[in-house]
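*Asks:* Okay, here's what each chain looks like letter by letter:
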Amino acid sequence: MGGLDHLGFILDTVLHLSVGIPRTLVLAAVSLSIGFVLAVGVAVAVLAPARVPRKLAEGYVYVFRSSPLLVQIFLIYYGSGQFRGALEFLGLWHFFREAWFCAILALALNTGAYTAVLIAGGLRSVPWGQIEAAQAVGMSRYRVFASIAFPQALRHALPAYSNEVVLMIKATALASTITLLEITGLAKQLSAETYRPFEVFAAAGIIYIALNGMVAGGFGLIERALHRR
Amino acid sequence: MRSRLKSLILAVPFVVAGLLPARAEVVRIATEGAYAPYNFKDSSGKLVGFEIDLAAELCKRAGLTCEVQEQAWDGIVPSLLANKFDAIMAAMNITDKREAVIAFSRPYVKTPIRFVTTKNGVGAAHTASLPAITMEEVDPTETAEIKSLAKLVSGKTIGVQASTSHEWFVKEYMKDSSIKSYDTMDNMILDLVAGRIDVGYTSTAFLAPIHKKTPGLVEFGPPMTGGLLGKGVAVGTRKESTELREKFSKAIGAMVADGSLSALATKWFGVDISAK
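Sequences listed follow chains A and B, in order.
Residue 49 in the numbering used here is what sits at position 49 of the first sequence, and the numbering runs on without skipping anything.
If you count the second sequence from 1, you need to add 1000 to reach the numbering used here.
Errors might be hidden in some of the hints.
What the hints assert, rightly or not - Calculated Cβ distances over 12 angstroms to all of chain B for the following chain A residues: (1) 8; (2) 160; (3) 162; (4) 177.
As the list claims (entries may be wrong) - Computed Cβ-Cβ distance ranges for the label pairs, DEER-style: (5) 170(A) to 1262(B): 24 to 32 angstroms; (6) 1214(B) to 41(A): 39 to 47 angstroms; (7) 206(A) to 1097(B): 25 to 33 angstroms; (8) 1028(B) to 222(A): 35 to 43 angstroms; (9) 1127(B) to 67(A): 42 to 50 angstroms; (10) 194(A) to 1270(B): 33 to 41 angstroms; (11) 85(A) to 1100(B): 31 to 39 angstroms; (12) 67(A) to 1042(B): 21 to 29 angstroms; (13) 94(A) to 1212(B): 26 to 34 angstroms; (14) 18(A) to 1150(B): 51 to 59 angstroms; (15) 94(A) to 1100(B): 40 to 48 angstroms.
As the list claims (entries may be wrong) - Which stretches of chain A does chain B cover? Using the computed rule of at least three CB atoms under 8 angstroms from a CB of chain B, they are: (16) 77 to 89; (17) 184 to 191.
Keep in mind that the hints were calculated from the coordinates and are not lab data.
For clarity, every value in this text was computed on a predicted model and none was experimentally measured.
A virtual CB, placed ideally from N, CA and C, is assigned to each residue, including glycine.
Could you build the full structure based on these sequences and the hints that come with them?
*Replies:* Structure representation (structure tokens):
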């Protein structure tokens, strides 16, 4: 086997695996979107003066940041199968039956916990004086949050959030363990068929690197645009 | 002083190596460790099962020092080719696809493959019109039976273990069904019970103990063997390991001859599924 043969096969494999790119991107995009909305709510709760929502939010963040994502995926997918009766009664089995739903739920809950910490950190960085000033001119609590605190928190959290997006794109590979054929799932299948794991997983790695290169580039543009203002 | 210490430290690996039996003689056998009763782990995490006992007996008869190690199924052939192991004993069937890359000993087990479903599931009421199907030369009645099975499961979801002869079979003959491939058979059964798949397609030897753990599963369709489904379960080796392969084949032959292979199969499977 010459070097050219390896290279040719890797290129063929990149094409073959690219079928999985939309699936990987959908997994990442949908769970990041749901996770982000969840994270805003959780971040507000973490900073809330009320004890119960604060403790609940802290508990959620602690649980999902301290256990492996793979365990969370198995728990939600195979674990839910054990409670089919109850889930059917609640009308939820229809969702839990789908590997897609379970993967997105696990990924969203996971990224929600990490992102909540980033946003809470961003909110804490907003100088208290600004909040007081906004309240002094008669802004409502919602207005203070939406127009003063949140935009600044986002800008503060952006560099760390781009890292979270990269981590999530890589984390979608775990969905292959619950029968989803995204990039890694296809790679495992192809590796077992061709018995050429080196080329196959090298090709998968190249695709992830390219995708994350684009993510990093995109966030770089956003950051630059924000600083120009 | 320092140089003496240095030479002492440098000598350690050689002394340790001298105490161990010569490494080259250890035959490393890969098994999956997740496919009861062939090979699995007991509550303490130790590898046990039919193939673990068989490996010990074959190695004893062949005068080999063997070590059985765990390796995930989907990486088992590449690791053999990469020299991480010398042999595979993991309920692996002899198939043309696999014979293109590795070579097998004579088979030690021959198990039929069947569909499995839940009590009131797809196919539970199906009665097979043939007692068995051998895939080597498929006659018209057998073709008709496979077609009627394919019709029964068309539009349904079939679960199989990834990269097995079972998966290749359903991809070839059950083209109107959607196929879900699992990393382990146990996970496939979990999803069958949960209702995420309609039927499974797997080895009856694997199903025998599953029926005890999970009552209510029903096997249907004629048991199938041969052809695409393989010529029996055997020890897989690298193509160039001719000597090792012959040693295994000879030892399997001896165990067939004195009845100990039948006895071992009966002990683990409840039925004699040994290859004659």
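*Asks:* Now, for every hint given, state plainly whether the structure supports it.
*Replies:* Hint check results:
no.: 1; hint: 8; in the structure: 19 angstroms, holds
no.: 2; hint: 160; in the structure: 34 angstroms, holds
no.: 3; hint: 162; in the structure: 32 angstroms, holds
no.: 4; hint: 177; in the structure: 6 angstroms, violated
no.: 5; hint: 170(A) to 1262(B): 24 to 32 angstroms; in the structure: 51 angstroms, violated
no.: 6; hint: 1214(B) to 41(A): 39 to 47 angstroms; in the structure: 41 angstroms, holds
no.: 7; hint: 206(A) to 1097(B): 25 to 33 angstroms; in the structure: 27 angstroms, holds
no.: 8; hint: 1028(B) to 222(A): 35 to 43 angstroms; in the structure: 52 angstroms, violated
no.: 9; hint: 1127(B) to 67(A): 42 to 50 angstroms; in the structure: 48 angstroms, holds
no.: 10; hint: 194(A) to 1270(B): 33 to 41 angstroms; in the structure: 37 angstroms, holds
no.: 11; hint: 85(A) to 1100(B): 31 to 39 angstroms; in the structure: 47 angstroms, violated
no.: 12; hint: 67(A) to 1042(B): 21 to 29 angstroms; in the structure: 27 angstroms, holds
no.: 13; hint: 94(A) to 1212(B): 26 to 34 angstroms; in the structure: 32 angstroms, holds
no.: 14; hint: 18(A) to 1150(B): 51 to 59 angstroms; in the structure: 31 angstroms, violated
no.: 15; hint: 94(A) to 1100(B): 40 to 48 angstroms; in the structure: 43 angstroms, holds
no.: 16; hint: 77 to 89; in the structure: holds (count 5)
no.: 17; hint: 184 to 191; in the structure: holds (count 3)
In terms of the numbered hints stated before, the structure departs from hints 4, 5, 8, 11, 14, listed from lowest to highest.
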